[in-house]
Structures are given as structure tokens and as C-alpha cells.
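Asker: Respectively, the protein sequence lines represent chains A and B. Residue 41 in my numbering sits at position 41 of the first sequence, with consecutive numbering throughout. Residue 111 in my numbering sits at position 111 of the second sequence, with consecutive numbering throughout.
Everything labelled a hint here was simulated from the structure, so no lab data went into it. There's no promise every hint is true.
Claimed, not checked - In the DSS-like style, the derived pairs of lysine-lysine whose C-alpha atoms are separated by at most 30 angstroms in a straight line are:
id, chain 1, residue 1, chain 2, residue 2
1, A, Lys106, B, Lys57
2, B, Lys83, A, Lys71
3, B, Lys57, B, Lys42
4, A, Lys109, B, Lys57
5, A, Lys42, B, Lys42
6, B, Lys42, A, Lys57
7, A, Lys109, A, Lys68
8, B, Lys78, A, Lys58
9, B, Lys78, A, Lys57
10, A, Lys58, B, Lys42
11, A, Lys22, A, Lys42
12, A, Lys106, A, Lys22
13, A, Lys109, A, Lys42
14, B, Lys42, A, Lys109
15, A, Lys22, B, Lys42
16, A, Lys109, A, Lys22
17, B, Lys42, A, Lys68
18, A, Lys68, B, Lys57
19, A, Lys22, B, Lys78
20, A, Lys58, A, Lys68
21, B, Lys83, A, Lys42
22, A, Lys106, B, Lys78
23, A, Lys42, B, Lys78
24, A, Lys106, B, Lys42
25, B, Lys78, B, Lys42
26, A, Lys71, A, Lys106
27, A, Lys106, A, Lys42
28, A, Lys58, A, Lys42
29, A, Lys106, A, Lys57
30, A, Lys71, B, Lys57
Said to hold, decoys possible - Anything over 10 angstroms on all C-beta distances counts as not near chain B; from chain A, calculated:
id, residue
31, Thr10
32, Ser18
33, Gln45
34, Asp84
35, Leu102
Cβ coordinates follow ideal geometry from the N, Cα and C atoms, glycine included.
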Amino acid sequence: GENVEQHPSTLSVQEGDSAVIKCTYSDSASNYFPWYKQELGKRPQLIIDIRSNVGEKKDQRIAVTLNKTAKHFSLHITETQPEDSAVYFCAAGTGGAGSYQLTFGKGTKLSVIP
Amino acid sequence: EPEVTQTPSHQVTQMGQEVILRCVPISNHLYFYWYRQILGQKVEFLVSFYNNEISEKSEIFDDQFSVERPDGSNFTLKIRSTKLEDSAMYFCASSRGQETQYFGPGTRLLVL
Numbered sequence: 001g002e003n004v005e006q007h008p009s010t011l012s013v014q015e016g017d018s019a020v021i022k023c024t025y026s027d028s029a030s031n032y033f034p035w036y037k038q039e040l041g042k043r044p045q046l047i048i049d050i051r052s053n054v055g056e057k058k059d060q061r062i063a064v065t066l067n068k069t070a071k072h073f074s075l076h077i078t079e080t081q082p083e084d085s086a087v088y089f090c091a092a093g094t095g096g097a098g099s100y101q102l103t104f105g106k107g108t109k110l111s112v113i114p
Numbered sequence: 001e002p003e004v005t006q007t008p009s010h011q012v013t014q015m016g017q018e019v020i021l022r023c024v025p026i027s028n029h030l031y032f033y034w035y036r037q038i039l040g041q042k043v044e045f046l047v048s049f050y051n052n053e054i055s056e057k058s059e060i061f062d063d064q065f066s067v068e069r070p071d072g073s074n075f076t077l078k079i080r081s082t083k084l085e086d087s088a089m090y091f092c093a094s095s096r097g098q099e100t101q102y103f104g105p106g107t108r109l110l111v112l
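Given only the sequences and the hints, what does the whole structure look like? Please build it.
Answerer: The structure is reproduced here in C-alpha cells:
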């Protein structure tokens, strides 16, 4: 089955700096890669996703890049703010006939220091 | 903006008891999922449901688990005989198409 590795497990940055979180996946059939933000005790919230026919996607301060050959994808947050502090999960999705089963990484706890 | 809802928010049960976790997916969504997250760990896929049947399930989803869509709005997860290791946060998710999944707030299950 799919295996997703995520690094680093914790990340501290100064407010205004950039943060980068990296993930690798094992199943070359995976073709959908979402990123979720989870604040303490709350639901995972989708912040950005990318499909395997796209190499990069940007949404304001958040960007995701995908390298299919190397089987890795990364989340970039620029101009970080204290409210960006949360646990971020990457996931890889392999589509079947009726659904996408998501395999998650172990998460990165991001702390933005004011 | 519509959201996935789940009830109850917390459930405490005795080992061996049956529990039913309830979810109301977003109304025009067609795909439904259950995930679980043991405290401090990653989110794990349990099962997906489409067109009134299970489409995928993980090895976690054994014979003790079942899902049902009893009416046009609810989606339930039943654990027949709970074990201590079933203690976790259970998230329901739904998607309109086969990709973007929106998560509910979760049910925290504690098995004593």
C-alpha cells in the first residue's frame, strides 16, 4: 500500500519568515495530493491540493510543488503569521472506481514565533 | 458555507459495548468516508462509501466495523464490540467528486 513520509515533525519560524514542509510517497499510482491544517482539537481543514498533471499551484501565501519523478511534494508558506501555527498534514490519494483513499503523513507541528 | 457535522462530539463507552457514530455529510456530496486519529498520531483511512456500498476499506476496518447510510442525509459508523484500542477521534468526511474531501469536527471515542 501507499506510504507517505513527512518532514520535519516540528518546525519553528519567526513571524514573516517562510516555512517549507516536505513529503514523499511510495505509490506511483497516487495522483492527488492535498494538504490539511489542523488546529488543536479541531477538524483537519483543506488548505490546498494538487493533482499529478500539475507541477505547482499557488494560493496567496501558500504554494505546493509536486515532483512526480522523485515522488515528492512540498508545502511552502511565505510571510508566516502566528495564526499559521498548527499541525499540517500532507496526504496522497489513489483513486479507485468510486473514491480516493487518502494516506496521510505523520504531520508537522508549525510554530510561528511573533 | 455548508459543513460536515458529526454527533456526538464525545462518547465514553465500556469495552465490549456497541457504539454508533453519526455523520451528516454536505448535502450534494456523493462520496463518504470515515477516518480515525489516535491521540497525537496521523489520520488513518478506515472506509469509503459510494452509491450505497463500500468502495474501499483498510485493514483496520475489520468485521467489528460497519457503515450505513440509513436515509438521505445520515452516514453512520458502527463498532460492534469496542476494544480499548478503538479509543480515538473518528472523523467523517465527504466529497462531491472523487478528490477534495471535507472533514467533520470529529467524535472523540473513549473505551474504558
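Asker: Are the hints correct? Go through all of them and say.
Answerer: Hints, one by one, checked against the model:
1. In summary, the hint linking Lys106(A) to Lys57(B) is supported, as the alpha carbons are separated by about 20 angstroms, within the 30 angstroms threshold.
2. The straight-line distance between the Cα atoms of Lys83(B) and Lys71(A) is roughly 37 angstroms, outside the 30 angstroms bound, and the hint therefore fails.
3. The hinted pair formed by Lys57(B) and Lys42(B) meets the criterion: a straight-line CA distance of about 17 angstroms does not exceed 30 angstroms.
4. Between the alpha carbons of Lys109(A) and Lys57(B) the distance comes to roughly 28 angstroms, so the proposed pair stays at or under 30 angstroms and holds.
5. Between Lys42(A) and Lys42(B) the CA atoms are separated by roughly 14 angstroms; this keeps the pair inside 30 angstroms, and the hint holds.
6. As the CA atoms of Lys42(B) and Lys57(A) are separated by approximately 25 angstroms, the hinted pair is consistent with the 30 angstroms bound.
7. Using a Cα cut-off of 30 angstroms, the hinted pair Lys109(A) and Lys68(A) holds, with the two alpha carbons roughly 25 angstroms apart.
8. A hinted pair counts as satisfied when its Cα atoms are at most 30 angstroms apart, and Lys78(B) with Lys58(A) does not qualify at roughly 40 angstroms.
9. Distance restraint check for Lys78(B) and Lys57(A): the Cα-Cα separation of roughly 39 angstroms exceeds the 30 angstroms cut-off, and the hinted pair is therefore not satisfied.
10. At roughly 25 angstroms between alpha-carbon atoms, Lys58(A) and Lys42(B) fall within 30 angstroms of each other, so this suggested pair holds.
11. The hinted pair formed by Lys22(A) and Lys42(A) meets the criterion: a straight-line CA distance of about 23 angstroms does not exceed 30 angstroms.
12. Taking the CA atoms of Lys106(A) and Lys22(A), the gap is near 11 angstroms; set against the 30 angstroms cutoff, the hint holds.
13. Distance check on the hinted pair: Lys109(A) and Lys42(A) sit about 14 angstroms apart at the alpha-carbon level, within 30 angstroms; holds.
14. Restraint check for Lys42(B) and Lys109(A): satisfied, since their Cα atoms lie roughly 12 angstroms apart, inside the 30 angstroms limit.
15. Note on Lys22(A) and Lys42(B): the hinted pairing holds, with a Cα-Cα distance of about 16 angstroms set against a maximum of 30 angstroms.
16. In summary, the hint linking Lys109(A) to Lys22(A) is supported, as the alpha carbons are separated by about 13 angstroms, within the 30 angstroms threshold.
17. Between Lys42(B) and Lys68(A) the alpha-carbon distance is near 23 angstroms, which keeps this suggested pair within the 30 angstroms criterion.
18. Proximity of Lys68(A) to Lys57(B) is assessed by CA-CA distance (about 26 angstroms); at most 30 angstroms being required, the pair is judged to hold.
19. Restraint check for Lys22(A) and Lys78(B): the C-alpha separation of about 36 angstroms exceeds 30 angstroms, so the hint is violated.
20. For the proposed pair Lys58(A) and Lys68(A), the alpha carbon gap of about 18 angstroms is at most 30 angstroms, so the pair holds.
21. Distance check on the hinted pair: Lys83(B) and Lys42(A) sit about 24 angstroms apart at the alpha-carbon level, within 30 angstroms; holds.
22. At most 30 angstroms may separate the alpha-carbon atoms for a hinted pair to count; Lys106(A) and Lys78(B) meet this at roughly 26 angstroms.
23. Between Lys42(A) and Lys78(B) the alpha-carbon distance is near 22 angstroms, which keeps this suggested pair within the 30 angstroms criterion.
24. The hinted pair formed by Lys106(A) and Lys42(B) meets the criterion: a straight-line CA distance of about 5 angstroms does not exceed 30 angstroms.
25. With a CA separation close to 22 angstroms, the supplied pair Lys78(B) and Lys42(B) stays within the 30 angstroms bound.
26. A threshold of 30 angstroms between alpha carbons decides the hint, and for Lys71(A) with Lys106(A) the separation of about 17 angstroms falls inside it, so the pair holds.
27. With a C-alpha separation of about 16 angstroms, the suggested pairing of Lys106(A) with Lys42(A) holds against the 30 angstroms cut-off.
28. Under the criterion of a C-alpha separation no larger than 30 angstroms, the hint pairing Lys58(A) with Lys42(A) is consistent with the structure, at around 25 angstroms.
29. With a C-alpha separation of about 23 angstroms, the suggested pair Lys106(A) and Lys57(A) falls inside the 30 angstroms cut-off, and the hint holds.
30. Taking the CA atoms of Lys71(A) and Lys57(B), the gap is about 24 angstroms. The hint holds against a cut of 30 angstroms.
31. The beta carbon of Thr10(A) sits about 13 angstroms from the closest Cβ of chain B, which is more than 10 angstroms, so the claim that it is off the interface holds.
32. Once the 10 angstroms rule is applied to beta carbons, Ser18(A) is consistent with being away from chain B; the minimum gap is 24 angstroms.
33. Against chain B, the non-interface label of Gln45(A) is violated: not every CB pair exceeds 10 angstroms, the least being about 7 angstroms.
34. Listed as outside the interface, Asp84(A) is consistent with that label: its C-beta sits roughly 19 angstroms from the nearest C-beta of chain B, beyond the 10 angstroms cut-off.
35. With 10 angstroms as the threshold on Cβ separation, the claim that Leu102(A) sits away from chain B is violated: the shortest Cβ distance comes to roughly 6 angstroms.
Violated hints for the displayed structure, listed by number in ascending order: 2, 8, 9, 19, 33 and 35.
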